[in-house]
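> The primary structure of each chain is shown beneath.
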Amino acid sequence: MTPKRKQKLFLIGLMVGGLSLAIGLTLYALSSNINLFYAPTQIVAGEAPQGVEIRAGGMVVEGSMQRDTQSLKVRFAVTDYDQEIWINYEKILPDLFREGQGVVAVGHLNAEGEFMASQVLARHDENYMPPEVADALKMAGKMPEGAPFIRASSSTTINN
Amino acid sequence: MDVLFLPEFGQFALILALAMACVQAFLPLIGSFTRQPLWLAYAQPAAWAQFTLLLISFILLSLSFLLDDFSLAYTAANSNSALPWFYKLSAVWGAHEGSLLLWLLILAGWTFAVSLSRGLPVEVLARVLSVLGFVSVGMLLFVIFTSNPFNRLLPNIPMDGADLNPLLQDPGLIFHPPLLYMGYVGFAVTFAFALAALWSGQLDSAWARWSRPWTTSAWAFLTVGIALGSWWAYYELGWGGWWFWDPVENASLMPWLTGTALMHSLAITEKRGVFKSWTLLLAIFTFSLSLVGFFLVRSGVLNSVHAFANDPERGFFLLILLAVTVGVSLLVYAIRVPNLKARVSYSLLSKDVLLLANNLVLVIAALMVLLGTLYPLILDALGSGKISVGPPYFNALFVPLMLLLGVFMGLGPLSDWKQMRWQKLKKKIWLAAAVTLVLGFVVLPWVYDGEWHLYVALGLTLVLWIFTTSFRDLWEASQTKQGWKGISRSRLGMFFGHIGAALIVLGVTMVSNYGEERDLRMQIDQPVVVKGYEFTLKKLIHREGANYIADRAVVEVRNPSGKLINTLMPEKRLYTVRGMPMTQVAIEWGFLKDIYVAMGEELSADAWAMRVHYKPFVRWLWLGALIAALGGVLAITDRRYSSKKAQEQLTAMNAATTPPSAINSVES
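Protein chains in written order, with our numbering: chain A, 1 to 160; chain B, 1001 to 1668.
Don't take each hint at face value.
Derived SDA-like pairs: lysine to any residue, alpha-carbon spacing no greater than 20 Å straight-line [claimed, not checked]:
id	chain 1	residue 1	chain 2	residue 2
1	A	K4	B	L1348
2	A	K4	B	A1357
3	A	K8	B	K1485
4	B	K1539	B	S1512
5	A	K73	B	L1340
6	A	K8	B	V1530
7	B	K1481	B	L1458
8	A	K4	B	W1417
Think of the hints as simulated: they come from the structure by calculation, not from any bench. For clarity, every value in this text was computed on a predicted model and none was experimentally measured.
Take these sequences, add in the hints, and give me the full structure.
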C-alpha cells in the first residue's frame, strides 16, 4: 500500500469510526432521555411506570384547582373525559393555564398514583390543543364537537 | 375605509416576479448547454427585475399594514389600528405569509448583490444566478399557491384587525426574523456557487474563493439572528432561559453548525485545493438544513413555542420542494464528484487535517441535533408512541462535542498547512497549555464561590485555552515588518470569531453552574432571600396601558450587604384585543450578573407567586455571539476580496487554469 493510500484509509477510518461512535452514543442518549406520553386512562389502568420521567396531559377539570395558602403548591385534575388523574406542582403555572383547557405536564408518578410535575406546558395560542391531548381525547372517543385544533388562517378568506 | 387596489398590484408584481425568476432560471440553463452568450446574458437583468418586483410587492403589503387595510385577510389577522407604526411595519413579517414574502425578498436581495459582484466570469455568474432562480421559482410557487398574503376578505370587511400577537410587540421582533432570514437564505448563495461549479465541472479552488465572503456574511447574519432570538426569549417569554432546545431553535442551530464547518472547509479548499468534494457536500447540506428547518417550522409537524398557522397542504408542498432540492443537488454531485482528483498531499498532523477534524465534530453535532429533533416525529409516524426528547439528551451530547471542538480550535490556528512537525507545535503550545491547565482547571474554578466544580473547571479550561492560543496566533501574525498593522483582516476575523466563541462558552459555563432560579411566594413587606440578595415586595399597582391592562409589582432589591441596588417593576399584562396574558419581566442587568424578576400569578390580595432568577455572566453569551459576528465582518472586508489588484490577479489566474473546451468570456 502506498503511503498516500494508507493516509486516505486512515482518514476514512477516522471518519467512519467517529460517525458510528457518534451515532451509537446518540442512540444511547436518546433511549435514556425520551419521555413517553400517557393519557389519564392509561395511567389509571396502571400502564405508566412509577418514578420514571414521563409526560401526562389532558383537559384541566373545571373547579378542580386547589391552592396551598402558604406556598406555591397547587393541585389540579386533568381528564380525557374518561378517567381523571391529579397533578401536583410547586412552581408558577404558565400564563395560558386555565381550567377547561389542555395542558401537558412533565414529571413522574408517585406511589399514590398522583403525578408530581416538574414542568407544566400550555400553549401561547389559546385555541390550541396539544396534539397528545387531542389524540388521547380521540382515543377515548370524547373529542368535544368542533374543537378548534388548528387555526388555519386561510379558512375564512375568499380567494380573489 | 377605502378598499384600495394596492394589494392587487402587489399580487400582480408577485406573479411577474415568478415570470422573471423563470427567465433567470431557464434561459441561462439553456444558454449554457447551447453555448449562446446572449441567453446567458439574460440572467443578470432578470435578477434585477425580480428583485425590483418583489420589492414593490413587499412595499405594497407594508402599505396595506400602514394604511390599516383590513380587507386583506393577512392584515386583518395580524394588525390593529391601535398599533404604533413600527409594530404595524414589523407585523408584516409577524406571521406565515408575510415572513415568506420577506424570505423571498431577501433571496432576491442576495441574488441582486451576487449579480453586482465584479470579477466573476460571465458564464459562472449566469450559472449561479440560474441556480438561485430555481430556488426562487420554487418558493414563489409555494407563496402564490399556498400562502398568498394578498388574499382579500370580501365583502365582509372587519372593522378592525385581530391585533399582532402581544409576544411579538417588541423591538426584538423588528430585527430577529430579518437577520435570521438573511442568514438562512444567504447559504443559498454558497449552495448556488457549489452547484454552478458542479454543473460546469470546473472544480478548481476558484469557486471556493468566490463563495467564501458570501458564506461568511450569511454566517454572521445567522449568528446575530440566533443570538437576538435567544435574548428575546430570555426577556420576553418570562421563563428566564436562553436556550430551550426547542425544535425551532434547533432548526436554526443545524445550518449554523454546518455553516460554521463550511466556512472552515472553504478555507482549506481555497488555500490548499484539498477536500473539495467534502466542501461541496457541506455547501449542499447547509442549505438543505436551512430548508429542513423551514419545513419543520412551517409544516406544523412539530410542537413548539413558535406558533405559526399550520396547514398540511403547505407541509406537503414544502416536503416536495425539499426533496427536489436535495435530490437534484445530490444527483449532480454524484455524477460530477467521481471525476474529482486532488493532487495535493498533506500529512496527518497539519492544519488541513485539524480543520477536517473540527468539521467532523461540527457535522456530528448537527446530525445529533437533527436526530433528536426528528426522532419523536419518526416514532410517532411508526405508531410507537408519543415521546419528546428533552434538554438532557442534547446537553449530554452537545457539551462533550463542544469540548472536543475547543481543543481543535486552539491547535488549528497555530498549525501549518500541509505538514506540522509535532516538535514545532509542542514548542508553540506548551506555555498556553500550562497556563490553561493551572489557571483554568485548578485555580479559577475556586474563585467564584470557593468550591471546585468539574463542569466549571472544564468550561474555564476551554475558555482559557482558546484565549491563550488565539493571542499567541495574533502575536505570531504581528511578527512581520509592518508589526501589528500588518495583520490581515481575515486573520483578525478568525481571532474575533474564536474569542467570541470562548466568551459564549464562558457565559454558558457560569450561568449554568452558578445561576439560580426560584419560584416563590412574595407577600407585601415580607422579604425573601435568593443567593444573598434580598427581595421585598413593596406595592401592587393596577395600571392601564395603550392596548392592555396590567398588574405591576414594585420590588426592592438589596445586595448581600443590605444596600438598596434597584427597585424592579415587573408587570403582568392582559392584552385586551386578544384577551392574551403576557409577562413583562424586570431585569437589573450587569456584566457580571442579571437579577431577573417576573410575576407569576396572584395568590391573594397582597401576595403573588414570583419568579426570581440570578444569572451570572448571562450577557456574555450574546456579547460573544456579537463579537464572533464582528469577526465575520472583518473577514469579509479583507483586502484581497475588495482590492482591484487582487481581483485582476484572480481573474487572470482563473482564465489561465480554465480548460479551453469551456467557453469562458472574462468580464473586462
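> All hints are to be evaluated individually against the structure, with a verdict given for each.
Okay, the hints, checked on the actual structure:
The suggested pairing of A/K4 with B/L1348 holds, with an alpha-carbon distance near 11 Å, which does not exceed 20 Å. For the suggested pair A/K4 and B/A1357, the alpha carbons sit about 18 Å apart, so the restraint of at most 20 Å is met. Between A/K8 and B/K1485 the CA atoms are separated by roughly 40 Å; this puts the pair beyond 20 Å, and the hint is violated. Distance restraint check for B/K1539 and B/S1512: the Cα-Cα separation of roughly 32 Å exceeds the 20 Å cut-off, and the hinted pair is therefore not satisfied.
Simply put, A/K73 and B/L1340 have alpha-carbon atoms about 66 Å apart, too far for the 20 Å limit, and the pair is violated. Taking the CA atoms of A/K8 and B/V1530, the gap is near 57 Å; set against the 20 Å cutoff, the hint is violated. For a cut-off of 20 Å, the pair hint linking B/K1481 to B/L1458 is broken: about 38 Å separates their Cα positions. Of the pairs offered as hints, the one joining A/K4 and B/W1417 holds, with about 17 Å between alpha carbons and a cut-off of 20 Å not exceeded.
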